[in-house]
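Visitor: Chain residues, written in single-letter form:
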Amino acid sequence: MSSTQTDTAAAGSIEASKIYGEGDTEIRALDEVTVSFETSRFTAIMGPSGSGKSTLMHCLAGLDRLSSGRVFIGDTYLDELSESQLTELRRDKIGFVFQAFNLIPTLSALENITLPMDLAGRKPNKEWMDTVIDTLGMRPRLEHRPSELSGGQQQRVAVARALASQPQIVFADEPTGNLDSRAGTDLLDFMSHAVADLGQTIVMVTHDPSAAAHSDRVIFLADGKIRDEMIEPTADRVLDLMKQLGD
Amino acid sequence: MFKVALKDILARKRRLVTTGLAIILGIAFLTGTQVLSGVLKNSIESLVGTAYVGFDAVVRSPDEQDLGFGQKLRSPVPESLANEVDQVSGVRNALGVVETTSAQLVGTNGKIVGSNFGPPTIVYNWLEDPQLQVGKLIEGRQPAALDEIVLDFSSAKDAGYKLGDQVTISAQTGSEKFSLVGLMGLGENGDLAGGAKMLHFTTPTAQRLGKLPEEFSYIAVAAEEGTSQATLANGLAAALPDEQIVTGEKFTRENQKSVSQFVDILTTFVSVFGYVALFVACFIIYNTFSILVAQRTKETALLRAIGAKRKQVLLAIVLEAVLVGLVASVLGLIGGVLLASVLKTLVGTFFTVQPGIPTLSAGAVATAFIVGVGVTVLSGLVPAWRSTKVPPIAALTDISVDRSSVSRARVIWGTLFLLGGIALLALGLADAGPNPLVLFGCGAVLFLVSVAVVLGPLIAAPFSRFLIWPFTRGSAITPRLAGENAARNPRRTAATAAALTIGVTLVTLIAVMASSIKASVESTVNSTISADFVINSSTFSIGTGIPTTAVVQARQVPGVQLASPVRFAPLRLTDEYSQKQAATKSGPAQANPFGAPDAAPPGEDTFVLGIEPQTYFKVNDVGTLQGSPKDMLPGTFGAELKEADKHGWKLGDKVPMYFARTGVQELELALTFDQGSGGGSYLLPLETFEANVLALFNTDFVVYVKAEPGADLAQVRTQLDAIVADSPAISVQDLGEFADAQTAPFDTFLAVVYGLLGLAVIIALIGIANTLSLSVLERTRELGLLRAVGMSRKQLRRTVIGESMIIAVLGTVIGLVIGIIFSFALSVVISADSPGLFKYTLPTGQLVIITIVAALAGVLAALAPAWRASRLDVLKAVSSV
Numbered sequence: 003m004s005s006t007q008t009d010t011a012a013a014g015s016i017e018a019s020k021i022y023g024e025g026d027t028e029i030r031a032l033d034e035v036t037v038s039f040e041t042s043r044f045t046a047i048m049g050p051s052g053s054g055k056s057t058l059m060h061c062l063a064g065l066d067r068l069s070s071g072r073v074f075i076g077d078t079y080l081d082e083l084s085e086s087q088l089t090e091l092r093r094d095k096i097g098f099v100f101q102a103f104n105l106i107p108t109l110s111a112l113e114n115i116t117l118p119m120d121l122a123g124r125k126p127n128k129e130w131m132d133t134v135i136d137t138l139g140m141r142p143r144l145e146h147r148p149s150e151l152s153g154g155q156q157q158r159v160a161v162a163r164a165l166a167s168q169p170q171i172v173f174a175d176e177p178t179g180n181l182d183s184r185a186g187t188d189l190l191d192f193m194s195h196a197v198a199d200l201g202q203t204i205v206m207v208t209h210d211p212s213a214a215a216h217s218d219r220v221i222f223l224a225d226g227k228i229r230d231e232m233i234e235p236t237a238d239r240v241l242d243l244m245k246q247l248g249d
Numbered sequence: 012m013f014k015v016a017l018k019d020i021l022a023r024k025r026r027l028v029t030t031g032l033a034i035i036l037g038i039a040f041l042t043g044t045q046v047l048s049g050v051l052k053n054s055i056e057s058l059v060g061t062a063y064v065g066f067d068a069v070v071r072s073p074d075e076q077d078l079g080f081g082q083k084l085r086s087p088v089p090e091s092l093a094n095e096v097d098q099v100s101g102v103r104n105a106l107g108v109v110e111t112t113s114a115q116l117v118g119t120n121g122k123i124v125g126s127n128f129g130p131p132t133i134v135y136n137w138l139e140d141p142q143l144q145v146g147k148l149i150e151g152r153q154p155a156a157l158d159e160i161v162l163d164f165s166s167a168k169d170a171g172y173k174l175g176d177q178v179t180i181s182a183q184t185g186s187e188k189f190s191l192v193g194l195m196g197l198g199e200n201g202d203l204a205g206g207a208k209m210l211h212f213t214t215p216t217a218q219r220l221g222k223l224p225e226e227f228s229y230i231a232v233a234a235e236e237g238t239s240q241a242t243l244a245n246g247l248a249a250a251l252p253d254e255q256i257v258t259g260e261k262f263t264r265e266n267q268k269s270v271s272q273f274v275d276i277l278t279t280f281v282s283v284f285g286y287v288a289l290f291v292a293c294f295i296i297y298n299t300f301s302i303l304v305a306q307r308t309k310e311t312a313l314l315r316a317i318g319a320k321r322k323q324v325l326l327a328i329v330l331e332a333v334l335v336g337l338v339a340s341v342l343g344l345i346g347g348v349l350l351a352s353v354l355k356t357l358v359g360t361f362f363t364v365q366p367g368i369p370t371l372s373a374g375a376v377a378t379a380f381i382v383g384v385g386v387t388v389l390s391g392l393v394p395a396w397r398s399t400k401v402p403p404i405a406a407l408t409d410i411s412v413d414r415s416s417v418s419r420a421r422v423i424w425g426t427l428f429l430l431g432g433i434a435l436l437a438l439g440l441a442d443a444g445p446n447p448l449v450l451f452g453c454g455a456v457l458f459l460v461s462v463a464v465v466l467g468p469l470i471a472a473p474f475s476r477f478l479i480w481p482f483t484r485g486s487a488i489t490p491r492l493a494g495e496n497a498a499r500n501p502r503r504t505a506a507t508a509a510a511l512t513i514g515v516t517l518v519t520l521i522a523v524m525a526s527s528i529k530a531s532v533e534s535t536v537n538s539t540i541s542a543d544f545v546i547n548s549s550t551f552s553i554g555t556g557i558p559t560t561a562v563v564q565a566r567q568v569p570g571v572q573l574a575s576p577v578r579f580a581p582l583r584l585t586d587e588y589s590q591k592q593a594a595t596k597s598g599p600a601q602a603n604p605f606g607a608p609d610a611a612p613p614g615e616d617t618f619v620l621g622i623e624p625q626t627y628f629k630v631n632d633v634g635t636l637q638g639s640p641k642d643m644l645p646g647t648f649g650a651e652l653k654e655a656d657k658h659g660w661k662l663g664d665k666v667p668m669y670f671a672r673t674g675v676q677e678l679e680l681a682l683t684f685d686q687g688s689g690g691g692s693y694l695l696p697l698e699t700f701e702a703n704v705l706a707l708f709n710t711d712f713v714v715y716v717k718a719e720p721g722a723d724l725a726q727v728r729t730q731l732d733a734i735v736a737d738s739p740a741i742s743v744q745d746l747g748e749f750a751d752a753q754t755a756p757f758d759t760f761l762a763v764v765y766g767l768l769g770l771a772v773i774i775a776l777i778g779i780a781n782t783l784s785l786s787v788l789e790r791t792r793e794l795g796l797l798r799a800v801g802m803s804r805k806q807l808r809r810t811v812i813g814e815s816m817i818i819a820v821l822g823t824v825i826g827l828v829i830g831i832i833f834s835f836a837l838s839v840v841i842s843a844d845s846p847g848l849f850k851y852t853l854p855t856g857q858l859v860i861i862t863i864v865a866a867l868a869g870v871l872a873a874l875a876p877a878w879r880a881s882r883l884d885v886l887k888a889v890s891s892v
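The listed protein sequences correspond, in order, to chains S and C. Under the working numbering, the first residue of the first sequence is numbered 3, with each subsequent residue one higher. Under the working numbering, the first residue of the second sequence is numbered 12, with each subsequent residue one higher.
By construction, these hints were calculated from the structure, which means they are not laboratory data. Small disclaimer: the values here were computed from a predicted structure and weren't measured. Among the hints, a few may not be true.
Distance ranges between label pairs, derived from CB positions [stated by the list, open to error]:
1) S:139 to C:389: 31 to 41 Å
2) C:283 to S:22: 56 to 66 Å
3) C:397 to S:184: 31 to 41 Å
Capping the alpha-carbon separation at 30 Å, the derived lysine-lysine pairs in DSS-like fashion look like this [to be verified]:
4) S:227 to C:887
5) C:147 to C:122
6) C:850 to C:717
7) S:245 to S:227
8) C:261 to C:147
9) C:805 to S:95
10) C:268 to C:320
11) C:629 to C:529
12) C:168 to S:128
13) C:52 to C:268
14) S:95 to C:887
15) C:268 to S:125
16) C:309 to C:268
By construction, the Cβ of each residue, glycine as well, lies at the ideal position given by its N, Cα and C atoms.
Please take these sequences and the hints and turn them into a complete structure.
Guide: Structural data, given as structure tokens:
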């Protein structure tokens, strides 16, 4: 373990393994994965289903625990935290965007955005909030309930929520999976913008090459192992690499 | 795959049980009461059977006074009759029996043994014939001297007496001491406790205590060997045509019946609460099925899409309801037997009950299944029908779960129900139809249902938001979420709350009526009684009361201006109007006994107060008098104006009344008054009262004492206290204490009613827990999201608990409002009946406490679902698509 890794990385894993089952039925969802995600970068994790990409993200985000190895967010090793400390970490240091069902239906868009801070009993940073909301163009819809928003708008609210508390890192799990291509592209543009202009760190799991093309760096996972990575990806190059890896 | 299938069934089985829990409790309660009542009746009947088993015939007076509840009190027979009976052929032995309730046993702690609501205390004379003597001696010897007593072993133990002790008896003549020379019990071996406290004395002592000088209650007869009871009774009837003769068997049956009737009344009373609980259970079943059907919309739609018919969908859910009903009924039956066993042990401390586990009668089993399955299926029908309206296309679209709103049809039907309910309530209150109570009950049910289905869903959402409003200042997100969760599905929230509403409505109604009655009694006592003190007795067995010497002594106390005694006795009015009234509600004709039939002519039974006209009206304000107290000479009576008008009597009219001791007497109406004090609508001057009622009733039941102006009240009280010092049942009270004493028995009754209503409330809480569990299940994804973005387990628990409290308080507040409306309606009717007497009083403190308790109960109901929600696997929740 080198100390430089933790100094420059927003998050990462060291020989992280996740094993389900025992003996013959043993499945290695993650197999000694060591990876780091730099601050203020937009990283995509790609791979076929069952490659372990979601498991990696869940473990990094403190939603799941490793079988062996370690994961860290900033200078905090997650295996050292109790259940309630993990909850606080998710609340204060991590932002989430899921594929769907991102919002609490009984709360307005604004309440959804401030939810993690309300849970912590903290006041949002007004200036930052305004920046996020305006960047995402959500101001006219703040009082609406999720059911009154389109799918793309809902996902934008989710991104706003993830960014609102100025977390160390945002994890996005197939954020465009349920959107049509136009709404998806819009959302991804917003995310790139958040990284480039606002200095946020985003890790996104996706299986869509064109989504991955919005990122700064793509990590390819298969059978629980990192197979390859690509800096400054384009959709075509990602697709090619995927084909190669599939063979 | 097999494992998955098995798990599915197991999971379903558990849900069947939780759904049925409400039904299980209701059925267990009903079955338990029924089984226990059967055990009690059998036990009591066999105990009564052993008591009089030696009697072959009973010779008694045909003159009887009806006391209500099937209880009759007969005139005594002269002592000499025993000898006459003894001469009749076929009679081996005939002995006079003294059997009265005119004394109380005082324990070693100086208190009366037993309560007014328990089995009676009976004075017997010891019979020199082992066949006729009630019960068997098990220790010591029979009473031989005038100051000796034999007690039943169970009462002796309760009172704390051993053989050789001096036993205190409180009788009409004051307290007396007797030496305990023997112990007895019922049954062949004398080892059964009868419940009743049996005091056996020598015949002269029993006659003195029972106020039967040279008289007996009846004559018990033992037949000669080989003479049947019927032959014996026939022979006696021929020889003694003026007396009534019953065989020993019939005498036993009569006694058994009168006790059983009491058990039946009690059982019916308790069963009512079982049905209330089941009514509450209906709401819960309905709600649970509604939620399940809504959650299964996709599954149903899929079934429909692949070709299931509407009927098949309906049938599937009805079948599930039947299954729930069946399982719940079986478990309820088992629970009922267990409950009965526990209660039996409790009852067993009072008297000997049949040993062994109580058995279920076929009737109890049938009732349990019919009620259990019926209630479940009926409650499940509406949700089942609703599920058939799920279109197959719903399987393909992503429709959200149970988006309930208040439709126009709901409002229309609800309003119709509400109006129907109000109409029935009004009819019931107006005493219309053959059974106004049933009308009132049906009206109340309709009213409650309509409020639950219309008003509830309409106000559930705004109410929930209003309730959490004070807690949502700043960024408090937990109460906000709790409120929104309660508000998001108003129909579900309202139906869940409605279950609690029923119990709270009843509790409120009773609490308001109780406080009103208390306030009314207090105000009536204060406004109509102008005495300074009341000498009052805490027992009300017939024949117990204040010694008639007390009033004489009270008058001699310095500073006492006057002392006015009041007595109390049953009487039958036999005027034309009363006979007509009696004819409309006459019971089944009774089989003729041997000898003289019952002598009482048809008429209406009521009671009468024996008063001293020259003092009574000075301490009792009975409103405007027509006629003068001076006119109340012997041979006259006074009546409340309302009663006189109803019967069509005018001053000076002669009215026939029947007394067991003297037969029909024509008394002249000498006085009418506006309203009776102490419930006395009829007043007799003391001389007339004494001359006509059975000796047992010639004891004062209260004595009003008025001090001279300026007298030292404390001193007067001390001296009055001294007069009744040796009678633990009698005390001197000021008006405040007297008012309290009037309502004290009521408090016991209230405690019992509240306890029984607790069942309905518990079932309602199960309902809240059930709904929350299903809601938590339904919101798995949402709760997972909350946890993922940083909600702690504690915060999540608080959200669920908050939602539960909102539901509980909603149900309670609606219940309070309806209860207050019902009680107000009742009070209007009561006030119309007797204007100015009823004071409608809201027990504000109690109602606040009820609300707080309900909110806390909400916390209790939420504990399990909240715990489950907080243990939710976050990963599963967010990753399950």
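Visitor: All the hints need checking, so say for each whether the structure fits it.
Guide: Quick rundown of the hints versus the structure:
1. S:139 to C:389: 31 to 41 Å: With a Cβ separation near 54 Å, residue 139 of chain S and residue 389 of chain C fall outside 31 to 41 Å, so the hint is violated.
2. C:283 to S:22: 56 to 66 Å: 58 Å, holds
3. C:397 to S:184: 31 to 41 Å: For residue 397 of chain C and residue 184 of chain S the Cβ distance comes to about 39 Å; the hint holds.
4. S:227 to C:887: 23 Å, holds
5. C:147 to C:122: 27 Å, holds
6. C:850 to C:717: Holds: residue 850 of chain C and residue 717 of chain C sit about 26 Å apart, inside 30 Å.
7. S:245 to S:227: 17 Å, holds
8. C:261 to C:147: 22 Å, holds
9. C:805 to S:95: 20 Å, holds
10. C:268 to C:320: Violated. Residue 268 of chain C to residue 320 of chain C sits at ~57 Å, over the 30 Å cutoff.
11. C:629 to C:529: 24 Å, holds
12. C:168 to S:128: Distance ~81 Å between residue 168 of chain C and residue 128 of chain S Cα, so the pair is violated.
13. C:52 to C:268: This hinted pair holds, its Cα atoms lying about 9 Å apart.
14. S:95 to C:887: Given that 30 Å is the threshold and the Cα spacing comes to 22 Å, the pair holds.
15. C:268 to S:125: Not satisfied, since the Cα-Cα distance of roughly 77 Å exceeds 30 Å.
16. C:309 to C:268: 60 Å, violated
Of the hints listed earlier, those the structure fails to meet are numbers 1, 10, 12, 15 and 16, in rising order.
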